[in-house]
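Colleague: Sequence:
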Amino acid sequence: MSFHHKPVEEVFKEFETSEEGLSSKEVKNRLDKYGYNEIEEKKGKSILKMFFSQFTELLTIILIVAVGISFVLWIITRDQENLIDAVVILAILIVNAIIGVRQEYKSEKALEALKELSSPEATLVRNGKMVKVPSRDVVPGDYVVLQTGDKVVADLRLNKAMNLKIDESMLTGESVPVTKKSQELESEKIPVSEMKNIAFSGTIVTYGGGEGVVFRTGMKTEMGKIADLIQSAEEKQTPLQKSLAQLSKWLTILVVIVSVVVFIVGITRNYFFTYPDPLGFQDIEEMFLSAVGLAVAAIPEGLPAIVTIALSIGVARMVENKAIIRKLSAVETLGCATVICSDKTGTLTQNEMTIREVYLNGKNISVSGVGYEPKGEFKVDGKPIELKDDPHMNLLCRIGILCSDAELTYDDEKDNWEIFGDPTEASLLVLGGKIDLWKKELLKEYPKVNVIPFDSDRKMMTTIHEHKDEKDKIYTKGAPEQIISRSVKKFENNKIIELTEENKEKILKINEEMTKKALRTLALAYREIEPSTLDSLKIESESIEKDLIFVGLVGMIDPPREESKGALKECEQAGMKAIIITGDHKLTAQAIASELGMFDKDDDIAITGSEINEMTNSEFDEIIEKVKVFARVSPEHKVKVCVSLQNKGNVVAMTGDGVNDSPAIKAADIGVAMGIAGTEVTKEAADMTLMDDNFATIINAVREGRGIYDNIRKFIFYLLSSNIGEILTLFISILIGFQVIIDGNPILVLPILPVQILWINLVTDGLPATALSVEPKDEDIMSRPPRNPKEPVINKAMALNMILVGFMISIGTIFTFYWGLQNPYGFPSEEFKVLYARTISFTTLMMFQMFRVLSCRSFKRSAFKLKPHNKALYLAMFSSIVLQLVVIYVPGVRDIFYCTPIYLLDWLLLILPVCSSVLIINEVYKYYLRRKDASLR
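Using the numbering used here, the first residue of the sequence shown is number -12, and each one after it goes up by one.
Careful, some of the hints might be misleading.
Each computed EDC-like pair below joins lysine to aspartate or glutamate, with the alpha-carbon atoms no more than 16 Å apart [said to hold, decoys possible]:
{"hint": "1", "residue 1": "362", "residue 2": "339"}
{"hint": "2", "residue 1": "613", "residue 2": "587"}
{"hint": "3", "residue 1": "168", "residue 2": "344"}
{"hint": "4", "residue 1": "366", "residue 2": "377"}
{"hint": "5", "residue 1": "847", "residue 2": "765"}
{"hint": "6", "residue 1": "556", "residue 2": "582"}
{"hint": "7", "residue 1": "15", "residue 2": "154"}
{"hint": "8", "residue 1": "366", "residue 2": "344"}
{"hint": "9", "residue 1": "446", "residue 2": "582"}
{"hint": "10", "residue 1": "229", "residue 2": "778"}
{"hint": "11", "residue 1": "613", "residue 2": "590"}
Read the hints as simulated data drawn from the structure, not as lab findings.
Could you put together the complete structure from these sequences and hints?
Modeller: Here's what the structure looks like:
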């Protein structure tokens, strides 16, 4: 039910209340009926539940199964290898789960921050007396009293508004405090931002005072609706999570198939080998253990940990670029963003009102300068003019400076200019500073003796100043139509002349032209009065604000950031669409969009929240991708825009700073909060927070996100090549059936053991894979369109390459193992011959990966032409080789891994030549790809 269009008397009647407030008995009844005035929380997950929910992804489940199997095998065989496998994999899983719980726990804090916006106490009238009560005890029908600095405790229909201004920026996005009134509004269907006779829960009184009757509490308030939207927003899987889930599924299928085939082939082969003797249980057990060992070894145990490390490195990099990531998954999701829905104020603009145009002496004067720094020049028809000593300009600036409550100061520590007070008033102080007029000096010459504050009916403010040598001054600023209607003369060419009706029409036309440029306009006027006359007048509008002398107009705007235009151009080059979505006026948003080059009047559309309300869902979906500006929108509208874009297949990034933005930020694929202007609620709901509230920072984050995803693909590509090589090595070896005779019994031997595979997967492969996560970004990374979120992390071309490389690795590893089994050095025992051959094949498999990682730095560009920026990779390769040498040559350590020292000759003539072949063949393949695509040369 709407109360803004009803007379306040009807609201009193409906809630059976009055200015005397409710009785204590009635309050108790209403608490029972309506409940407490607080934001309700849905029961969240416990820490324990969060912890166990981290083990639901398929790859994690596979690793859990691997832990279980390894542990069972250890119980059966008492082989330490299996216990080591189980412990190491379990440790990886627990570390990943702890990181996941930490991120999820943080994301649950949004509602707590929202609750903190509620005022702890409310000033009410109950039983005819003014009292303070806890805000949670406020009920519909309570009569609330508001004063400057108060936080509104519930949604109120105002009964009295005494120069009342309320900051609603957290709710509506409107950067300027809203002037409130108590009269009913004509229209029923209007956005929250236009409900001038309603004070909303959680907003702050910045000026004046008021009284009103509570008509909504708790979850029924506008703030409560936002809380409900936040709670109902579903957590979606990120594109990377979906890709890894798909990859895990295929890995599971592959591992199961290969293990079953190995078991069947091994049993069949042993059957024919032992025929006509029956196949013994020990043979079956050995093949089962081999198949299970293969399954455990085939899983890339280090993959989840390295993905987490890569994303964490991305988070650290983004902090350097002034973006704080709260959810690791957001790092890579940024890389496939197709639409960025950006707030206007402070993100694309400077959030610093700046006077762009001045009208005086019948001329339009353009004013340059950025933000609150009092530097700039004045031009007429593009030609610079000097106004520092101009009497007319001095008078206009003096009125603007003195008829204000704002302050402009220079902060030596921060090395910048800061304002205190209303941004609109501050812009007048900055204009004065540009001609070297300062408030402090002016107040010494013209002391302020009285003030008539601004109110929404008069739409003006007046200050009265003494002057020792002249008459007292009455300085007035306000809405042009109001000032002009009260003016009888004008100041022109340093003279005071009559203000004719024709003059008034001309000034109003100039004002209209300024507003069409989305400039917020103010008129400035004055009058002089004898001190004795002033003493006899009442200090009120009717007697003071009349017979004014019109001085001029100023037009101001919150200008675009200098870097926004370049960032938007880069956004377009990267195949992303930028949309302005704001609580500000349509004309203002459209003008800023046009100035930034992101809005074409002929092709693009700008619509308001009211227009959205008039559309059906199908009509809205039909135009959504043509709209570049959404203005005067509510929280529900923002969510609707986000969902509609997502339904069209877009990956949506949504920026915001107020509480009103939180539901849309939560619903978006990437929620982006403002670090400076943003509320804690918004920051808690977001995936990313901008430390500088700058749109360009989002583009930098997108660039980083794309680079991180590229690097994740590179190390997955690298790791899985190794796993495929390991699988094929064991599979082919079982098919070949390498056997040695020990103590008169034929024994099947494999070129690599599970503990050795685990060492390669976690350590010697893990270090270079982690280093790939800091690989420098490709130069063309922002010249290509966003990746399709449905695209698998490993595409067909990459899969084919991995299989071919896997075959090369397996053939090379098996060849070196076979060479070792030929016993070229004449070792006396078969056991040592196998030990030496296996050490060679183990080292070959590891060294293959050292050469392989060099070609994985780029999918198509030559490894020999890439700039060697990635020092971490060379350090990782060096460390892996040193660790491998420790495993081979250090007594005690080599016993754990079943190794023995390798002769130098085998390194030089066997291992290095065989392993380097993978780099050479990969480079030939990439050369072929470059021949097909000239852009890659």
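Colleague: Does each hint hold? Answer for all of them.
Modeller: Each hint tested on the structure:
For the hint pairing residue 362 with residue 339, the CA-to-CA distance comes to about 14 Å; that is within 16 Å, so the pair holds. For the proposed pair residue 613 and residue 587, the alpha carbon gap of about 11 Å is at most 16 Å, so the pair holds. Restraint check for residue 168 and residue 344: the C-alpha separation of about 31 Å exceeds 16 Å, so the hint is violated. For the hint linking residue 366 to residue 377, the alpha-carbon distance of about 14 Å falls within 16 Å, and the restraint holds.
For the hint linking residue 847 to residue 765, the alpha-carbon distance of about 11 Å falls within 16 Å, and the restraint holds. For a cut-off of 16 Å, the pair hint linking residue 556 to residue 582 stands: about 13 Å separates their Cα positions. Between residue 15 and residue 154 the alpha-carbon distance is near 32 Å, which puts this suggested pair outside the 16 Å criterion. For the given pair, residue 366 sits about 10 Å from residue 344 by alpha-carbon distance, which is consistent with the 16 Å threshold.
Taking the CA atoms of residue 446 and residue 582, the gap is near 29 Å; set against the 16 Å cutoff, the hint is violated. Taken as a hint, the residue 229 and residue 778 pair is honoured in the structure, with Cα atoms around 10 Å apart against an allowance of 16 Å. With a CA separation close to 8 Å, the supplied pair residue 613 and residue 590 stays within the 16 Å bound.
Comparing the model with each earlier hint shows violations of hints 3, 7, 9; every other hint is respected.
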